[in-house]
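**Q** Okay, here's what each chain looks like letter by letter:
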Amino acid sequence: MDKIKDKIRSLNEIPATMYGKDFLLTWEKTEAELRSVLLTTEILQELHAKNISTRIFESGLAVSNFRDNSTRTRFSFASAVNALGLAVQDLDEGKSQIAHGETVQETANMISFLTEVIGIRDDMYPGLGDKYQRQVIAAVKYGYDNGILAQKPVVVNLQSDLDHPTQTLADLAKLKEYFGSLENLKGKKIAMTWAYSPSYGKPLSVPQGLIGLLTRWGMKVSLAHPEGYELLPDIMSLAEKQAQDSGGSFEVSNDMKSAFKEADIVYPKSWAPLSIMRQRTELVQKTDFEGLKGLEKEALSMNARHKEWECNAAMMAMTRNGDALYQHCLPADISGVSCAAGEVSADVFNKYMKETYQQAGFKPFVIAAMILLAKVKNPAEALAELIDQNKKRQFIV
Amino acid sequence: MDKIKDKIRSLNEIPATMYGKDFLLTWEKTEAELRSVLLTTEILQELHAKNISTRIFESGLAVSNFRDNSTRTRFSFASAVNALGLAVQDLDEGKSQIAHGETVQETANMISFLTEVIGIRDDMYPGLGDKYQRQVIAAVKYGYDNGILAQKPVVVNLQSDLDHPTQTLADLAKLKEYFGSLENLKGKKIAMTWAYSPSYGKPLSVPQGLIGLLTRWGMKVSLAHPEGYELLPDIMSLAEKQAQDSGGSFEVSNDMKSAFKEADIVYPKSWAPLSIMRQRTELVQKTDFEGLKGLEKEALSMNARHKEWECNAAMMAMTRNGDALYQHCLPADISGVSCAAGEVSADVFNKYMKETYQQAGFKPFVIAAMILLAKVKNPAEALAELIDQNKKRQFIV
Amino acid sequence: MDKIKDKIRSLNEIPATMYGKDFLLTWEKTEAELRSVLLTTEILQELHAKNISTRIFESGLAVSNFRDNSTRTRFSFASAVNALGLAVQDLDEGKSQIAHGETVQETANMISFLTEVIGIRDDMYPGLGDKYQRQVIAAVKYGYDNGILAQKPVVVNLQSDLDHPTQTLADLAKLKEYFGSLENLKGKKIAMTWAYSPSYGKPLSVPQGLIGLLTRWGMKVSLAHPEGYELLPDIMSLAEKQAQDSGGSFEVSNDMKSAFKEADIVYPKSWAPLSIMRQRTELVQKTDFEGLKGLEKEALSMNARHKEWECNAAMMAMTRNGDALYQHCLPADISGVSCAAGEVSADVFNKYMKETYQQAGFKPFVIAAMILLAKVKNPAEALAELIDQNKKRQFIV
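Protein chains in written order, with our numbering: chain X, 1 to 397; chain E, 1 to 397; chain A, 1 to 397.
Misleading hints may appear alongside valid ones.
Pairs involving identical chains hold if they fit within one copy or between any two copies, as the list cannot separate such chains.
As a list, the in silico DSS-like pairs of lysine-lysine whose alpha-carbon atoms are at most 30 Å apart [what the hints assert, rightly or not]: (1) 50 to 174; (2) 293 to 152; (3) 241 to 293; (4) 391 to 377; (5) 286 to 297.
Source of the hints: derived by calculation from the structure; they are not laboratory data.
With the rest of the complex left out, here is chain X:
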């Protein structure tokens, strides 16, 4: 409990500037704000482990709006809002009347009369996901300002075309724990690399989110991918600038090996070429199913030219002391397990299974932290109050 109280003291030293704020992109947040998310994450996780209730709500809804498939983020969101006392309500756009051509302005208000948070995944269409999230934010602001909504729901990005902040902050939380502190990340080399996958259409948000986040802590971020798999130029520039500012570095190559060399952390993960994702968006908008089939074939054969981009024992041997931390946002395409050939060999994956699962385990608490920081005026005080009231999560044991 002393550890928790220390963390609350640290949190108390950071100005509480996230009250009422949405969370879309990590690079829209200050470092202090990101530190407060991590601290709150750790505190909530500890309280959970100690069977102390983290509810701050007696009732209220949390809308879950997934425009792409999800298991872990869906459950992470459900867990997070439940831990705060809210009930999940899925906005299932297939079952709703949204097909009628209803505006985002209207839908966003209609689902928000008693809603405290809206979690949105919209990651498949470049140029659209982040835009949609901002439309929802503007819509509920309109509702709140015009006396339509008694409270303004906070929007949490559960993966857009640009960023995947609940994932990358979980990744960072794991790095912080693994290396002892954010300060210890200074000078550490991470290989953020593309890896081969036999599937198609994976979003770019994770690699983009990671270069956009990790370059802020003085890390040496080494991005590698085959030609044709470039990330968004704006985010590349941002990463470059942040690396300079933080005293780290950001290098880009088409060589997985040079990225892995002497790396402290590796994050090998497949993603689709941006050009393919853009064509896909157009074809989906035209409902051109023949075109989509052709595009999938093209994309898969493009991927197949890079089967050697696999994270295996030989690759890991090149990292610092042959012992880098392997990270992945999961699920990984594991060669011989979930596919014939994929992103990672089974031996490497299994060696780090515990680590990647723990990494994922931060996500529910990252989401809960984002919401709590937006909902309470003084987070350190609120968390101290949770300890003081000492309500048990399981109160009859």
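With chain X fixed as given, assemble chains E and A onto it according to the hints.
**A** Showing chains E and A alone in chain X's frame:
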């Protein structure tokens, strides 16, 4: 808070006759009962806005049974039951074993062992929706009377083939707020008119529900629609009679303009011809998909003959001072926004956006009010108790 | 309340050996453990009826993983976990990323970070369902042992290829109530028979579960089915042995009439031939849809040779005093109601409707009992605490 206490005093003057009662049709309720629904709606909405918990349940289920698409009513129901402390459980008839040919008698009991309320939407098939809701009521009564259920779930009509009471009472709540009181509605003219829509198969429950409800308050209800779009004769007669009793009027025409003339309120909304809905029911029962396609074509071309039934600036100019209140149950078919040509022009819709959204905002609290009135013996006392206990909805702020 | 307190005293005399334990098969549990499930079931049901909250959790998730359709078990699970204070989260494998080829090891952990219980139905594929449940158990044990999960979710079998314990214990709870005590079941004859159904592919778990459970209480279990509808040999041997140990009997025939003769209870219910279920599993794995169609035809024609296996008035007349208790897990195929010819005639079904519905009504409380026994160290004390704290389920009445 004084305003809330005044309302509780007013509620206390109305005999509490809704305990244990289902809510299917407004015209099965007395005016006093409808007044108590409105008062309770307003009180619950105020308590919500003041961050006071309105939970009366520690646990319990609320079954959501939607046999037609829904966004706003689905969320309104979810919000309402959450605000009372219940958890939503969807009865998804596709996922269930109901396809086996299970009886309503059985299903209704099987889902009700710990259930406090069942919300049902079944609006697409004339002659069937209201009937189904009454079957569910009879079934849970059987269960309760025979010691199968420890509590009798209350059934709330979330739209049937006859009425849509949670919508029309939200509409009435908005009128009460807009004009200051129910008494002030006396003599006000409302144009309840058909409007053109490029979609097909919209239920008749809203216009039927509105003529069945608004004629009770001394209003001048002017119903207008093209030939062939008549409402159910029984409800027409009822509206006629109620208008006479209340000192209002009920007139019917095939002329949108005469309805709009000097109207204080306009409610232009599309619906399907009853004959089409009946044919559709037969074709669905025969699973005659070819027939359904043909019918849709016929219906759309029938609609298309009445494209001039649009609520636009010119039409609005005819209303009292050119300034009638525009109402709609949403989503509206907005010309140039959600469709090429529809029920309402974008300028008119946008001018009244705030009003229609607020109108929709009453619905969660109308539903909560209906449930609360069925679940507590003395509603005024119960609401006073909520204030006294002063439990906060968000209790750590 | 005295009755409840008596039951708590009885429960207190049974060693609490179920803490932390999963519930897959009744025959993995001792008789004392099954008695404690029944007592806890009855206590929770009484507390519910007396409007006393049975919540032991302030928050937490309950994962519902249905790999086959369900209405009553789905609602029973939802009701049970709600009554304990948990929120249901469906693991819908269609909407998730599991299609990516993710391992059970991974999914089970990813959904469990804040999860207290996982309810699983996986009943359609012989050799697979129970196996899957054990994989989930091993997976969350790995997670708990490796600091990935702060708590180990308990797995509850909501129907596997082998057993359907929440159903059979509800059946047993009804028998206990109907005949006054478990002791009174000694010497009672139950006819567990196949019955004709015009549908195909019903699992074997109910008859297997019943012969595996009822033979433990000194009952005379008479199993009858047409040739070709044999149950799993291992469970047959188990039933045989248990019957000997308990002083009951277990006989098997291909004659419905001899089974019904002088029976105190009859449980006529259709199931598929094991050989068909096995072929089906292979065809599904090969996604051989043509083969599946052929198999369905074969299975239905096989069933159709046994249309005389119907529970009707003539059959019931053969039972003890013509007045045996009719049981069914529901939904039954009722001749002339849910199908032309089925498992039971309408007159017999209707005569016992109240009884079968009450039988089903035990299920939510059986599930809640299984979870409570796994989650609290001293169940008798925990239940006494619920009474002492006297929190009302509906606390504003």
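**Q** Checked against the structure, which of the hints given earlier come out wrong?
**A** Violated hints: 2, 3; rest satisfied.
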